[in-house]
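K.L.:
The residues making up each chain are set out below.
2 protein chains.
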Amino acid sequence: MTGGTRASDFEARLLEAADATESMLDSLLTLALLPGETVRPPRFLEAMRYACLGGGKRFRPFLTIETARLFGVKGAGVARAAAAVEMIHCYSLVHDDLPALDNDDLRRGRPTTHKAFGEATAILVGDGLLTYAFDVTADPATHRDPGVRAELVRALARAAGLGGMIGGQVLDLEAEQAREPHQAGAVIQLQSMKTGALLLYAVEAGAILGQAQAPARAALSRYGRALGAAFQVADDILDVEADALALGKRAGKDAGRNKATLVAALGIEAAREQRDSFVAAAIAALDSFTQGTKATVLKEAAHFVGTRTH
Amino acid sequence: MTGGTRASDFEARLLEAADATESMLDSLLTLALLPGETVRPPRFLEAMRYACLGGGKRFRPFLTIETARLFGVKGAGVARAAAAVEMIHCYSLVHDDLPALDNDDLRRGRPTTHKAFGEATAILVGDGLLTYAFDVTADPATHRDPGVRAELVRALARAAGLGGMIGGQVLDLEAEQAREPHQAGAVIQLQSMKTGALLLYAVEAGAILGQAQAPARAALSRYGRALGAAFQVADDILDVEADALALGKRAGKDAGRNKATLVAALGIEAAREQRDSFVAAAIAALDSFTQGTKATVLKEAAHFVGTRTH
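The listed protein sequences correspond, in order, to chains A and B.
Position 29 of the first sequence, counting from 1, maps to 29 under this note's numbering, and the rest follow consecutively.
Position 9 of the second sequence, counting from 1, maps to 9 under this note's numbering, and the rest follow consecutively.
Treat the hints with caution; some may be incorrect.
The calculated DSSO-like cross-link candidates involving lysine-lysine, where the alpha carbons are at most 30 Å apart (straight line), are [as the list claims (entries may be wrong)]: (1) B:294 with B:57; (2) B:115 with A:115; (3) B:115 with B:259; (4) B:115 with A:259; (5) A:259 with A:115; (6) B:259 with A:115; (7) A:115 with A:57; (8) A:74 with A:57; (9) B:294 with B:115.
I should point out that these hints are in silico values taken from the structure, not numbers from a laboratory.
All figures in this text were calculated on a predicted structure; none of them were measured in a lab.
So here's chain A without its partners, still in its complex pose (with noise of 0.2 Å):
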């Protein structure tokens, strides 16, 4: 599993990731007590496993476990890493989810979380992966070196923060109540935050743990960066040509509501187009890994943010 990578093992990665994940968020969401915790409420944790397992391609963990694989980098520490990204990532659903935001009765074809548990409990729930994710990351399990550890904190914070993600779910959320047409370069901005910060951060946890130097570390910034603007660009096409029984989700809601997405401000072509030249520039960023075919996954994954049609 650790040798060289022919293109096609692109989506047998996937899987592998997918797998490695579930399974260390099964055993992370558990009864069993931590040094330090008194009680972990049953039907809360039901409603905590409910929000985070049995759905999703898991393609943040996916970037993190293959990032740090480039660095020799492998195991539970780093499946720990790559399970708080996707809690991060399903807390911020959850969140999303409730009537006071984007009012979702449906996800992933299943009730949402505060459908299934209530409201209250959502909103703890959210809460509850999102504290949950900077435990498992700060814990020695997940990396020997402490520096390590602090480091992949703070950039969990930081992109899921209020100049990341929850930055830009505000700004989103703003976006919805204006009346005029949203600019390109402000969508683009706006959704480099919303959807972008938590995906550079998965491949850059994966560049932190694998304790890369400045360069590679440079280059996996720019890679991911690009791949997480390629990826929202991709899902706003998605959202215009899918179908509501293909995602799972009411397709054609962004439209419906003036949310700011590429489509709406360039037109579906050009936002291919964008599409396309974000994918080639995240390829292109990592040229610079010359050794064998180390990166060819990686670019793989680029690819395939700019061809899935779910």
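Assemble chain B onto chain A, guided by the hints.
P.N.:
Just chain B, lined up with the frame of chain A:
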């Protein structure tokens, strides 16, 4: 400010800690971007400041600052760690006040965050403060030793998480829906999580920042645990005694909701005895600090918890 301490210094030290915390929160919650941040949405930042600034005794930051001082550690790093604890406390109030949870309109005599800024913003403000607390704690400016920062993060996350504060909030909601009266043991357990865990962390954070040896750590943990217990019983007693004007929130609301309180479980006289016994245990835990009068301010803090009237 670093020399010997008389008992009467307590109130001055409490005010000093509140000033340092307010000032640190004020400087952390600005539009100035940190590396990796793109934009801090101004109106949202205003809501975060509303939720955090200009109120409260800052008792948790005081505990961190005074405990760290026992080990000769003081200054901006300690104030950062203390401000982070307060951010967690403030976030928990913002989310607890939401319509789906306690549905409170007033907090410290002012409209709650969701009343002032809307529910969507309040949810995100809580998320933002929770996230920022970990950024601040993990940053090198908090302590030069990354081992200290990683340990702080993990301890804070665990205290605030599903086996600590959030778990306690869940148990509290469940207790509210129960029809039978609550047992004293269950109430103490619930409160040790909901309120106690973060107060305990506030003390332990000072010991971690001070890189205290194991016996001192253990003594301070005993102190923090007893202090947290005393704090919550005192709060229950105050709720029964105080009128709405003095507290700035609807008094007597606990009884009206079958809230799990020690007053309801034991009666007010036995609750007062329990409180005094916790205070005595907190003070006794500090007996091992025999150098000069160093732990006097923390002992006075325990006394304050037992005798405060608002």
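K.L.:
Work down the list of hints and note, for each, if the structure agrees.
P.N.:
Do the hints match the structure? See the list:
no. : hint             : in the structure
1   : B:294 with B:57  : holds, 22 Å
2   : B:115 with A:115 : holds, 24 Å
3   : B:115 with B:259 : holds, 23 Å
4   : B:115 with A:259 : holds, 25 Å
5   : A:259 with A:115 : holds, 23 Å
6   : B:259 with A:115 : holds, 25 Å
7   : A:115 with A:57  : holds, 23 Å
8   : A:74 with A:57   : holds, 19 Å
9   : B:294 with B:115 : violated, 44 Å
Violated hint: 9 only; the structure is consistent with all others.
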